[in-house]
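Going line by line, the protein sequences match chains A and B. Quick note on numbering: the first sequence equals residues 1 to 616 in full-length UniProt numbering. Quick note on numbering: the second sequence equals residues 1 to 266 in full-length UniProt numbering.
To be clear, the hints were calculated from the coordinates, so they are not data collected in a lab. Check each hint, because a few of them may be wrong.
[As the list claims (entries may be wrong)] Computed spacing ranges between beta-carbons, pair by pair:
| hint | chain 1 | residue 1 | chain 2 | residue 2 | range |
| --- | --- | --- | --- | --- | --- |
| 1 | B | 35 | A | 526 | 45 to 51 Å |
| 2 | B | 138 | A | 131 | 41 to 47 Å |
| 3 | B | 44 | A | 340 | 27 to 33 Å |
| 4 | A | 336 | B | 88 | 43 to 49 Å |
| 5 | B | 135 | A | 356 | 43 to 49 Å |
| 6 | B | 88 | A | 455 | 26 to 32 Å |
| 7 | A | 576 | B | 31 | 18 to 24 Å |
| 8 | B | 156 | A | 340 | 25 to 31 Å |
| 9 | B | 17 | A | 286 | 33 to 39 Å |
| 10 | B | 135 | A | 286 | 43 to 49 Å |
| 11 | B | 88 | A | 212 | 41 to 47 Å |
| 12 | A | 133 | B | 156 | 48 to 54 Å |
| 13 | B | 44 | A | 128 | 16 to 22 Å |
| 14 | A | 434 | B | 153 | 51 to 57 Å |
Using N, Cα and C, we set each Cβ at its ideal position, and we do this for glycine too.
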Amino acid sequence: MQASPRPLGPPHSLLGTPLTDTPGTPSYPLTDSFPTLPGPPSTRAPISTEPGTLGLLRTLRPGPPVDAAPWRLGPGSRKCAVPCRHLPRWSRRRLLPSASAAIGMWSRRSCRYRPDASGLEELRARRREQESALRKARRQQQLVSKRLLREDSLVNGDGQAGVEIAVEPLSDQEILQLLRDVQRGTEERKKLLSRLRQGLQHKETQQKFVRLEGSMRVLIGLFTSSLANVQMEAARCLHELSHSCDPAVAEACLPATSYLLTYLSGHSVEFTELCLYTLGNLAVESDAVRKQLLPQGIIPALASCIQSPHVAVLEGLGYVLSQLLQAREAPTKIIPLVLDSVLPQHMLQLVSSNLELGMGVAVEFAWCLHYIVCSHVNNTLLISQGIVSTLVLLLLELASVMSKAATEGLELLICPVLRCLSNLLAEDETEGCKVQIQDERLLVALFLFMQYFLQQHPFLVQECLWLLNNLTADEPIFCSAVLTMDLLPALLQLLSCSRMVTLLALTVLCNIAEKGPAYCYQLHQKAVLPSLLSTLALSDAQVVGQSLELLHLLFLHLPEAADDFLSQAGLQALEQHQDNPQLQERVRALSETYLQPAAASLISCASASAAVLPSS
Amino acid sequence: MLLPPELSVSLRVERPLLPVRPRTPPRAPFCFSPSRLRFHRQHEFFEDGDIHRHLYLQDILTNVTEVTERSKVSEFCCHIVGCCQVFDTLEGYEHHYNTLHRNMCSFCKRSFPSVHLLDTHILEWHDSLFQIMAEKQNMYQCLVEGCAEKFKSSKDRKDHLVKVHLYPSDFRFDKPKKAKSSTKHNKPPSKLDVSMPMDVNVETYEQSQADSMEICPSESVENPTQPMSGPISSLQEKKLYKSRSVFPLCKLLLQGSGLHMCWSST
C-alpha cells in the first residue's frame, strides 16, 4: 500500500483551512495567502508625500472588499430531488497561481533554448524575417498569429536553437496503427497518444491525419473520454492540429468545438488552458470557424469562464477573446455580444489586477479592450463602467513599478492602454459624454515611459505623444503642467527623433502655444526657438509645415519672439522653403505679417539709437 | 531624455494654472487648431505596436531563461473510495478528479464535465416531478450556456442544438434516457472502428452504458467494502460521503467478472 499524502483533493478548490503537510508532499498555495485584487479605483486618489522616488505616483487605493462568502466546496450534495441552484462558481475574485505546470504563457514567454553565439544570430535573423512577414500581413489586413502550448520535455537536451521537433513524422500506416492500438488498449494509451502528438508537430503528419477516414472521430472520442490522462493527451493532439499553418487541418478540428466549449466550464486548470488556446487558434483560422463558434455560444462560455481565479485560465481566455476581437467582422458581429455580457466589467478588473501575478492576464485583456475601443462600437458603455479612471490609475501604477524592477514586457501592457485612453479621449461628443482627464500625474507617467522606452521600443514614444496630444488639445491643465513641471526640455529633445515623433511633439507644442500669451512666453523663455530652427532645416513638408504653425502662434501671442527669431537667422531658415507649394503661403504670411515689420522696426530702432549716439 | 531631477518631488497637489486666452479660429493661411486625434483599428499608426504584439504571441520576443521543471511528487493514489488511480503529478490528479469525481451523479454514478450538465441530468433523469411537469410545459432546457430556450422533449432540444447552435448530432453529452442495453462490442476492429462508442474506457460493462451521458459502472454498490487508502481527516471523510462521489468498487467488480483492470496512469 503506498503512502499517500493528506487527501487534499484538487488544489485550490476545497477547504480554506490549512492542512498540515506530510513529508514529501508539496505545499499547496492556500486561499488565505493569495494576493488579492485591489478594490475599485477611485477617480482621484489622494497623493502621498513620499519624497525622492516615485512614491507620488502610488495611489492610495481602498483595500479589497472583505468577502465573507466561502469557497465553493467540491461536489455538493446531489441527493435532493430538485437540483439546487448553482452557487457562484468562485465566490471570491482572487488571482491564483495555477498548479505548477499551468503557470500561464506569460511566465513561459522566453525561448526554451539556450542558444550559443551562432544560435543567437540565427534567432535574430529568424526574428527579422518574421517581423517583415508580419508587417506585410498587416498591410494586407491579414495579421494573424497563433499560440502553441507545448510540453517542455520535447526540447532538445543540448539546447540547440531552432530544433523544436525531436521526432520523425508519421506515415499513414503508423497513424492507423497508433489509433487502432489506442482503441484496443493493448498498450499504454497515454504513450501511444504521446507518440501521435509528437508526430503531429509535423505538417505532413497533420495533413495525413486529417485525411484518414475516421481519424478525427476517434480523436474526438478520446478527447471526450473519462480517462483523464487519455483525454489530456488527445487534447494535446488536437492542440497541435489547431496550430497548423494549413487551414484544412485546422478546419478539420471543427467537430471538436462544441466539446471544447463544454469543457471550458470544467475545473482542471491545465486542461481548460489547453482548450482555450486550441479555441483561440481555431478562432483566427477562418470566417467559417467563427460562424460556428458564435452560435455555439462561445461568448457566454467565456463570460462564465472569466470568473475563474486561475492565472493560466484567464490568460488563455484573454487570448481567445483577443483573437475573436481581431476578426474582420468583429465590430458588427462579435463586439456587440461582448459588450452585452459581463465580460467588460471583468476585463476592467483583470487589466488592473495584481501585476506581479497577473501580468500576462493584464496584457491579454488590455489588448482586448484596445480592439473594442478602436472599433468605436459603443465606447459610451465602457466609459460608464469606469474604464477611463481604471486605465489612468493603471498607468500610474506601471510608471511607479517601472523604475524599481526592470519588468520586461511592460510595453506590451502599456501600449494598448495608451491607445485605449487616446481613443476614448477622442470620442465624439455627440455620441456620448466628453471624456475629461485631469490627473496631472498622468503627465509624469507619460514622460517616464518615454524616457524608459526611447532606446529599446521607440514605437511607444509615439503612442505616448498621441495621448499627450489628446490631453493637451483642450485641457489647459496639462499644457500648464508641461511648462511648470519643467518637462519642456524633454519634449524638445523628441524633436530630433523619427518623423512621426517629431510631428506629434510639434503638435503638442502647438497645443500649448495656442492657449495664449502666458504659454507662449514660457515656451519662449525655455528656448523653443532654437529647436524650431532645427526642424526648419528638415526636408519633410509636413514637419516644416507644423513648425510654421507653431511659429505663427508664437509670433501672434508674443511679438518679441519674432525679434529673437530674426536675430537667430530665422528668415534665412524660412526662405529655403519659399518655393515649396505646400509651404510657400505660410512662409510668406510669416514674413510679411511678423518678420518684415519686426525687421523694419529693428532697423528704425537702430537708426534712431544711432542718431542719439554722439558721432565720433 | 532630459527630465528634471526629482521630478516627482516638484509635483504639488494644486498647481497654479497659467491664464488661458479664449480660443479663436486660426487665421488663414494657417490652419492649425488643437484637436483630439482618433485612429481606427487598421490605421498604420498602430503598425509597430501591433507587430510587437504578434511577435510576442509567436513567442519570438525575448531572450532565454531556464524553463521550470514540472514538479513531480512521489506516487499517490486517488482518495475516492474504490478508485485506485495512481498519480505522480498534481495536475494529473486534479484532472482525473475533475473528470471522474467532481460532477458525479449520486443516483447513477455518471460523471459530467460541468455542474451545469450534471444538474440538467439529475433534473431530467432522476426527478419524478420533472416528468410530470414535462407533460404540461416545456421543460427540456437548451444545453448551451446563455440560451434560455426550453423544449417539450429531448428530441426537440437536440434538433434545436443541431440547427441553431450547430452542435454535432451525436453530441456526447446529450443522450436521451433509454433503457439499459447490454450490447457488447467485442469484435476486433479490422480497420478503424468508428462505430465503436466514443468512450474508450473499459471494454465490457462500459459498453452497456453506451447510451449514457458519461461513464461509470452501472451496477450500484451500496457500501464501500474496501478500506480507504491512506489517512483521511474526519473533515475529508464527511465530505466524501456527503459528496456524491462514492464510487462503487470497480476493482471488486472486475475481479468478479474475471478481468484484470487496474487503472494506472503509468
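Broken hints, by number: Numbers 1, 2, 5, 6, 9 and 11, in rising order.
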